[in-house]
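**Student:** The lines below spell out each chain.
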Amino acid sequence: MDNTRQHLVVLLAGDSGDGIQLLGTQLIRAAAQSGQDVRTLSDFPAEIRAPQGTVSGVSGFQFQMAAEAIFDPGDAADVFVAFNVAGWIKHKHKLKAGGLLIASSDGFDARSLALAGLAPDEDPLEEARADVQVLDIDVKKLTSEALKSIDLSGKEKARAKNMTLLGMLTWLYGQDAEAMEVDLQRQFKGTVGEANRAAFRAGFHLAETAEWSAYRREVASKKAAPGTYKTLSGSQGIALGIAATARQLGRQVLYAGYPITPASDILHELARLRPEGVVPFQAEDEIASITAALGASFAGNLGITASSGPGISLKGEGLGLAVMLELPLVVINVQRGGPSTGLPTKMEQSDLFQALYGRHGEAPMPVMAIKRTGEAMEDVLLAAKMAVEAMTPVILLSDAYIANSAEPFRLPSIDTLPTIDAPSGAADRAPYARDAQGVRPWITPGTAAGMHRIGGLESEADTGHVSYDAKNHQNMVDARADKVNQVTRFYGPLSVEVGEHTGKLLVIGWGSTFGALRTAVEKLHKEGKSITHLHLKHLFPLHPDVYEFIKGFGHTVVVEMNQGQLVQVLRSQTQAPMSFIGQTSGQPFGADFLYAQLNTLSTQKA
Amino acid sequence: MDNTRQHLVVLLAGDSGDGIQLLGTQLIRAAAQSGQDVRTLSDFPAEIRAPQGTVSGVSGFQFQMAAEAIFDPGDAADVFVAFNVAGWIKHKHKLKAGGLLIASSDGFDARSLALAGLAPDEDPLEEARADVQVLDIDVKKLTSEALKSIDLSGKEKARAKNMTLLGMLTWLYGQDAEAMEVDLQRQFKGTVGEANRAAFRAGFHLAETAEWSAYRREVASKKAAPGTYKTLSGSQGIALGIAATARQLGRQVLYAGYPITPASDILHELARLRPEGVVPFQAEDEIASITAALGASFAGNLGITASSGPGISLKGEGLGLAVMLELPLVVINVQRGGPSTGLPTKMEQSDLFQALYGRHGEAPMPVMAIKRTGEAMEDVLLAAKMAVEAMTPVILLSDAYIANSAEPFRLPSIDTLPTIDAPSGAADRAPYARDAQGVRPWITPGTAAGMHRIGGLESEADTGHVSYDAKNHQNMVDARADKVNQVTRFYGPLSVEVGEHTGKLLVIGWGSTFGALRTAVEKLHKEGKSITHLHLKHLFPLHPDVYEFIKGFGHTVVVEMNQGQLVQVLRSQTQAPMSFIGQTSGQPFGADFLYAQLNTLSTQKA
Amino acid sequence: MNGKDFLSDQEVRWCPGCGDYSVLKQFTEVLASLEADPANTVVVSGIGCSSRLPYYVNTYGIHSLHGRAPSVATGIKLANPSLDVWIITGDGDALSIGGNHLLHVLRRNVQVPILLFNNEIYGLTKGQYSPTSRAGALSKSTPLGSIDYPLNPQTLALGAGATFVARSMDRNPTHLRQILMLAKSHEGSALVEIYQNCNVFNDGVFEAFTDKKMQSDHAIFLTHGEPLVFGSHRDKGLVLSGSQVQVVSLTDRSASECWIHDERDPMKAYALARMTGDLRPFGVFYREDRSVFEKQVHRALSETRSLEEVLAMGRTWKVD
Amino acid sequence: MNGKDFLSDQEVRWCPGCGDYSVLKQFTEVLASLEADPANTVVVSGIGCSSRLPYYVNTYGIHSLHGRAPSVATGIKLANPSLDVWIITGDGDALSIGGNHLLHVLRRNVQVPILLFNNEIYGLTKGQYSPTSRAGALSKSTPLGSIDYPLNPQTLALGAGATFVARSMDRNPTHLRQILMLAKSHEGSALVEIYQNCNVFNDGVFEAFTDKKMQSDHAIFLTHGEPLVFGSHRDKGLVLSGSQVQVVSLTDRSASECWIHDERDPMKAYALARMTGDLRPFGVFYREDRSVFEKQVHRALSETRSLEEVLAMGRTWKVD
Ligand SMILES: Cc1ncc(C[n+]2csc(CCOP(=O)(O)OP(=O)(O)O)c2C)c(N)n1
Ligand SMILES: Cc1ncc(C[n+]2csc(CCOP(=O)(O)OP(=O)(O)O)c2C)c(N)n1
Ligand code: SF4
Ligand code: SF4
Ligand SMILES: [Mg+2]
Ligand SMILES: [Mg+2]
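Protein chains in written order, with numbering that gives the first Met the number 0: chain A, 0 to 605; chain B, 0 to 605; chain C, 0 to 319; chain D, 0 to 319.
Hints were generated in silico from the structure; no laboratory data involved.
Computed from a predicted structure; not experimentally measured.
Hints may be right or wrong, so weigh each one.
Said to hold, decoys possible - In the SDA-like style, the derived pairs of lysine to any residue whose C-alpha atoms are separated by at most 20 Å in a straight line are:
(1) A:Lys93 to B:Ala469
(2) C:Lys317 to B:Glu180
(3) D:Lys317 to A:Gly373
(4) A:Lys550 to B:Ala575
(5) C:Lys294 to D:Asp319
(6) B:Lys221 to C:Thr315
(7) B:Lys536 to B:Leu493
(8) A:Lys470 to B:Ala575
(9) D:Lys3 to A:Ala447
(10) B:Lys222 to B:Ala66
(11) B:Lys222 to C:Thr315
(12) C:Lys294 to D:Lys125
(13) A:Lys147 to A:Ala157
(14) A:Lys536 to A:Glu526
(15) D:Lys183 to D:Glu28
(16) B:Lys470 to A:Gln596
(17) D:Lys294 to A:Gly299
(18) B:Lys536 to B:Ser494
(19) A:Lys470 to B:Asp591
(20) D:Lys317 to A:Ile413
(21) B:Lys503 to B:Pro576
(22) A:Lys470 to B:Lys93
(23) B:Lys91 to A:Asp468
(24) A:Lys222 to D:Lys125
(25) C:Lys317 to B:Thr415
(26) A:Lys221 to D:Asp319
(27) C:Lys294 to D:Leu143
(28) A:Lys482 to A:Leu541
(29) C:Lys317 to B:Pro411
(30) B:Lys470 to A:Gln562
(31) A:Lys93 to A:Asp122
(32) D:Lys3 to A:Leu541
(33) D:Lys125 to B:Lys154
(34) C:Lys294 to D:Arg133
(35) C:Lys294 to D:Pro142
(36) A:Lys522 to A:Val497
Next comes chain A alone, as it looks inside the complex (with noise of 0.2 Å):
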């Protein structure tokens, strides 16, 4: 029986203790190497270590593999790999009906059920049956058994489950079983290193012996395109994004941040890193990190800053003086669930708004979105090259879901990556003077003869001094605002992601949606609907065509986490027919909801 297919979507759940992330970490990479295409989704418990075999300690981790280009991690899962019952509980929904669950028996023990919540006669497996396909192994006692020689404790032992089941996953999706442990080599060293390796050989060979055929279930593989591949998360794209930013902006970058989940990561990245170039800084606050980012942008390196949530809402006034001293900045908002504390390691859409209009008195400056792991190097680039070659703060919009979610990525070569210029910083022009584009110089201390003062009062045209004058401060509103409108110079053409740039049904999406929004519109449109998916960027200024592209549609409808932010700004713009989708509980959508979704509306405004 051929079972290999086009796609497959793979869940893994069991205790945050279990070695999850890494299991799935891992099969992805090995499914990426062989020329699979990959999407994960992550989903931790809240707590640092919440108790263990309880459904609130349960990790996750769902990815899928293709042979062809993919965009989201996948509905419901073909495969299921349950470490405990607490696992198999908080998820099972999501498993298809004909599915193969692989139970780690052991973790469904009676001390397992009652962790979980269960009544002690209650068989959970015994019921999946009736629905699913299982593979139950006591993968515990495997495992201690090929560690039998191996001078661990009982405790270490157990610690190399995930191990087991690596090798089972292994060859049940036909991966390469040496390059794997040659992999594993690499990371594991010592006795730990031993043990994984045993455990690893353990699980390959139960499978190969057991003749597990029938739940073999192998991923039809393309060549991808030539290159060097690695898989990257959204942080790491980011933290890529900004070392590449020093390198071609020629001057140093100060990334100052305050930990904050899901933001922290960023700077971890760029500690552990250490790209020439950039200076990690971690301040006392968020307000100490925007601060001494503009210190350093007044001083003539980019400053750059993260966080999310609380610590964006902090960062407000830092903000207005960036707009008020016309330096480069660039903010990332790795955007959770809120409002306040929130959600902290759910995903949501919902600071947008605050993007916009989060400051007091007329601020404006240019918005981003970043739409997927792979694009979030080329992204903080442009958002760099937009803050500096317009002398303004940018604001780049990232997500929980973007940030840990992890995809092949093609390394770029170097060569072709953007220029980034920095404007005039010559002495002779007076420091708020404005080019054509309405940028003024930056002229940064050091400069013999280029001495001036700045401050967060209105400042007068060209000298920068002080001024209250009611004429100039009008002028300096409308100059600003006209250089940030300026920056569409930077955006490509309008671009589409499925569809053609006229017909009845144009469904709008910005940031992490797009993965789910192209699934469910490219469905559609293969089903001969007429439906074209646009994905925005630049969320301020908008694109200059948008609202023309827009009347090219029947009914425009705009696809977003949360309660209808981007929907708004376009239907204060434009007269045309709009709708909304939107959900505002910390999960991404599915593509198979998004679908449903579409499809109704679809034929509704046929």
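Got chain A sorted already, so can you dock chains B, C and D with the ligands onto it with the hints?
**Tutor:** Then chains B, C and D with the ligands, alone, in the frame of chain A:
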């Protein structure tokens, strides 16, 4: 010759050390007492003590007095009182052709010319005579003669110049000199009091004996509604509102502030008045003040805080917490020119977007705006009522114009003040159980058996326990929005300022543009134009009848002191044709300017 | 009521082995010994692992914003001075983002014990260095070792004008309870730094002071009026000569010749606070009597005016 | 260049008679004596009357946000450690809203002199009490007198781990210039509290210490290695006995028996800092050698990776 008229605009200008604000305040109080309606506009230099005699040190005070109800301080002045050259040249364009300039000639000497930056051979008074009537008196000399026998230094005597002018103006406007003397007696004691009275009399006498009938401009008066009156600034009105809130709520109010122009006066007033049930607290910063206010609300007080621009930007995180905790809180934003430190003493309405959207996550809250000084007290009461009865933070917008402009204010009878009823505090309800209006109970520490824990993390419906559940989050986001949407139950009917309920042109304003707008629209309406003035008090949620109302007009124009904020909100919700008149200059609209603009528009759209 | 009765029905969610469990236990036991009225008790925290504590205590509680617990608590006390308010905070919460509010609550002397869980790390955000982390500390944000000079919570509190400054640890329940009792009885803000082990991200940083065996050579327990003596045989003592703290052997000296602890002496307290090496004091470093902020505020407000009076203030006129 | 050459072309806009004028003058003269390169000098301030100073100095300058000058300056130094950066701040700016950033810049030891203009009032916002205002201070927000316990900038800085702590005054130009020179030469953050008269809202609060006549009985000028002697005839001295500071008459004692100022002694510095009565020290209270933050950061960064290396890090694979 009967110089009695229906209204008169007077502008006083001179050095900030000249006692101009005091002179103005005396004059308007007298006018108000004699039954005239009065509106004022103050203009301070940004510096504490700007260099004497310079243009940047000019302090201005404009007022209009009228026999009928008026709403703005007037545009062009009928009478200009110039203490010095600087005051004259800064504001001379504001005096009507043919108007009267009363100049204190000692302030037009060579030194004064130099300080004001004029050449020694210039003669501004002579030049002025071409267009206006000029009455020049050496007020300094007159004053020092009148005070010859009083034991004060020359410098101290010179300070009484404003009293000499007060005497003259009292005669010129036919006000009650005796009452004025009594009033002065109450305010100034000892030698200074003696000097002030002597100067006042000297001024009055001169005017009387010199027979200045030609310059006399009496304003007719009309009996005001019976009651007790005083003149009040917007900040004073807000302080009264806070005092009244404590009484009507029957609970203590914690007013937590941090000094910032122009919001500080509220704190000063409360500290000075010491109203029962109000605890004024100067915190270490704006974050401390909003979080202290919130702590107080948790403990069963009503927390109120106020700030301006930069301080409001710092309160965003606290506002988000208030949304999550669903505790009552009133945040007053006395808007000033922005962005950043901007123009601290100037007026602007550019913080509307921030009030509506300046928080991360979905964090809706009611937003109101005070339209004039006389309504400040009742608006605070309404904001407090909504905050408490709907358990929500409420933003109340004021601005520098309202803060400083004075009006005669009829003291309300205490029995007519609205009641404020705190929602249930019974311990038998779950902390997040909602009533029919979506409001949770206010169970405060000290209530036996009511113990519960709340925080910034998403809370489970009813119990308030931490919840990371997706469905719960969506439900709570919806429930919070729903609760806020229901505050429209506190609104009165949509009422119109001028004009019919349907017609050709609808003019919508909010906040302090009220006076100029109403004056301009009334004039057009009287001229027979089909024009209506609607002034929105509630900016979120909007009055439910607004959209239907708008549909009754051929065209709508929104007028704001910003680059177009309310207009964008309205446009996102209605397809009605809408235009915008705005200015962001730190200066208020003049009624004449608006008249001209609206006149053109009403012709175009007719 | 005993300690357990002060636990709420919420599942405690710290990592197994975390020092926070002990602090929670001692805290609830102290509430029990104090016969605290749960309905009159409010526990206020910021954000951090430590700041989750209020959820687990069956009193009123508020888990506020990162760094802002002191201001929230100040608001509560100004609203209702008769409530028993406690602040729970961490080294990041209190000393990084919240340093300013901590200063101001201490100088104002709002009556509130402040339990500062010092684990020299940011626990909740998964292991970045904090302002109290030692130079060279390895963490997620300092993979090559921290270079920041650590903040000393004790000298900082003294410098800010605190009226009660103490230190205890998670692993000495008796001592911790005792210090918490003293803190609660103090008239004003009482800062209690608690050495707390984060076994996941910073395991064992305080081992020398908290481990039963090593402790005797590294920890000095302070008692007012008693000499500063330590060692497993209580055979070592401290003397303060001018600005220098010296360890002396008690084999040829009597304990009474040692530095006698005087918690009312600000200079001695400062000397204790500066001991950041491998010998550290535990107990009350300093206490001082000073009037309590919220009481003074309310006293100053005794002369208030009714709304009628307020309306009538200033120059009014009548129209009949 | 002389002092005047360091003035910008902007009209100075403080109230006539304000103490700020003197500080500006001494500051520009110090720049002149230092032969400072205006193009390499950056003056950073927060918001307040004092914080307007950068506009008047012909160097690079940034008038930032209320309380945030220390963070802005830290960013500048991290960007370019070779710039000469100065911080200008006020008692409200540095100790009310900005207290936390002040702490952190001090403990990190960023190389920057900090001129803290202490006038015990909020000048720019027209006269509210500040964290340094004395108990009972009358101001717009405390018409019945302040009840907050004042913050002591000196003990606070010491408690935060500052490496240079000093005090001077507007009315003693020579002393002020001298202290500013020392502050500039210090390797690290140097806090200089400057008693500055706000003649409009808080006139004369420091009169006893700054008035030529009264000064000799109320101000003690510190010199390293010299005894603490004061009085118009230098006839009084201080002794430090244990924790007590005592005034002694020098008629029957020699100056050398007095407390000898040692700016390297943290305990003595703390004793000086605690003198908040009608006798107050001026000069350098304390200094300490400690490595400079921005230099350490840049040193730690010496081992960086090129973008090529960064991209190639971790597990990569090739597709040909
Ligand atoms: C404004 C804001 N910034 C950052 C965070 C993220 N954050 C949460 S807890 C924490 C630090 C916690 O450290 P600590 O106070 O030492 O507590 P611990 O977890 O170690 O007990 C941080 C940075 C936040 N919640 N809010
Ligand atoms: C965020 C913010 N809050 C408040 C203010 C208002 N403000 C400006 S200066 C100042 C206090 C100034 O006091 P201080 O630092 O002592 O300076 P001084 O004017 O006395 O020199 C305040 C509260 C502001 N500009 N920004
Ligand atoms: S991360 Fe550390 S401090 Fe936080 S709960 Fe775990 S062990 Fe405790
Ligand atoms: S208000 Fe005070 S500090 Fe400010 S300029 Fe005037 S005198 Fe100086
Ligand atoms: Mg910690
Ligand atoms: Mg001050």
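**Student:** Is the hinted pair lysine 470 (chain A) and aspartate 591 (chain B) satisfied, with a Cα-Cα distance of at most 20 Å?
**Tutor:** 18 Å, holds
**Student:** Are the Cα atoms of lysine 317 (chain C) and threonine 415 (chain B) separated by 20 Å or less?
**Tutor:** 19 Å, holds
**Student:** Check whether the Cα positions of lysine 470 (chain B) and glutamine 562 (chain A) lie no farther apart than 20 Å.
**Tutor:** Since the Cα atoms of lysine 470 (chain B) and glutamine 562 (chain A) sit roughly 14 Å apart, the hinted pair holds (cutoff 20 Å).
**Student:** Between the alpha carbons of lysine 294 (chain C) and aspartate 319 (chain D), is the straight-line distance 20 Å or under?
**Tutor:** 77 Å, violated
**Student:** Lysine 93 (chain A) and aspartate 122 (chain A) were given as a pair; does the straight-line alpha-carbon distance stay at or below 20 Å?
**Tutor:** Holds: lysine 93 (chain A) and aspartate 122 (chain A) sit about 19 Å apart, inside 20 Å.
**Student:** Holds or violated: lysine 536 (chain B) and leucine 493 (chain B), Cα atoms, limit 20 Å.
**Tutor:** 10 Å, holds
**Student:** Taking 20 Å as the top limit, are the C-alpha atoms of lysine 294 (chain C) and lysine 125 (chain D) close enough?
**Tutor:** Violated, at about 28 Å.
**Student:** Under the criterion that the straight-line Cα-Cα distance not exceed 20 Å, is the pair lysine 470 (chain A), lysine 93 (chain B) satisfied?
**Tutor:** Given pair lysine 470 (chain A), lysine 93 (chain B) holds - Cα atoms ~16 Å apart, limit 20 Å.
**Student:** For a C-alpha distance cap of 20 Å, please report whether lysine 294 (chain C) and leucine 143 (chain D) respect it.
**Tutor:** Holds: lysine 294 (chain C) and leucine 143 (chain D) sit about 16 Å apart, inside 20 Å.
**Student:** Are lysine 221 (chain B) and threonine 315 (chain C) close enough, with their CA atoms no more than 20 Å apart?
**Tutor:** Since the Cα atoms of lysine 221 (chain B) and threonine 315 (chain C) sit roughly 18 Å apart, the hinted pair holds (cutoff 20 Å).
**Student:** Does the alpha-carbon distance linking lysine 222 (chain B) and threonine 315 (chain C) stay inside the 20 Å limit?
**Tutor:** 16 Å, holds
**Student:** Quickly compare the C-alpha distance for lysine 147 (chain A) and alanine 157 (chain A) to 20 Å and report which way the hint goes.
**Tutor:** With a Cα-Cα distance of about 12 Å, the restraint between lysine 147 (chain A) and alanine 157 (chain A) holds, given a limit of 20 Å.
Hint compliance for this structure: hints 5, 8, 12, 14, 24, 32, 33 are not met, and every other hint is.
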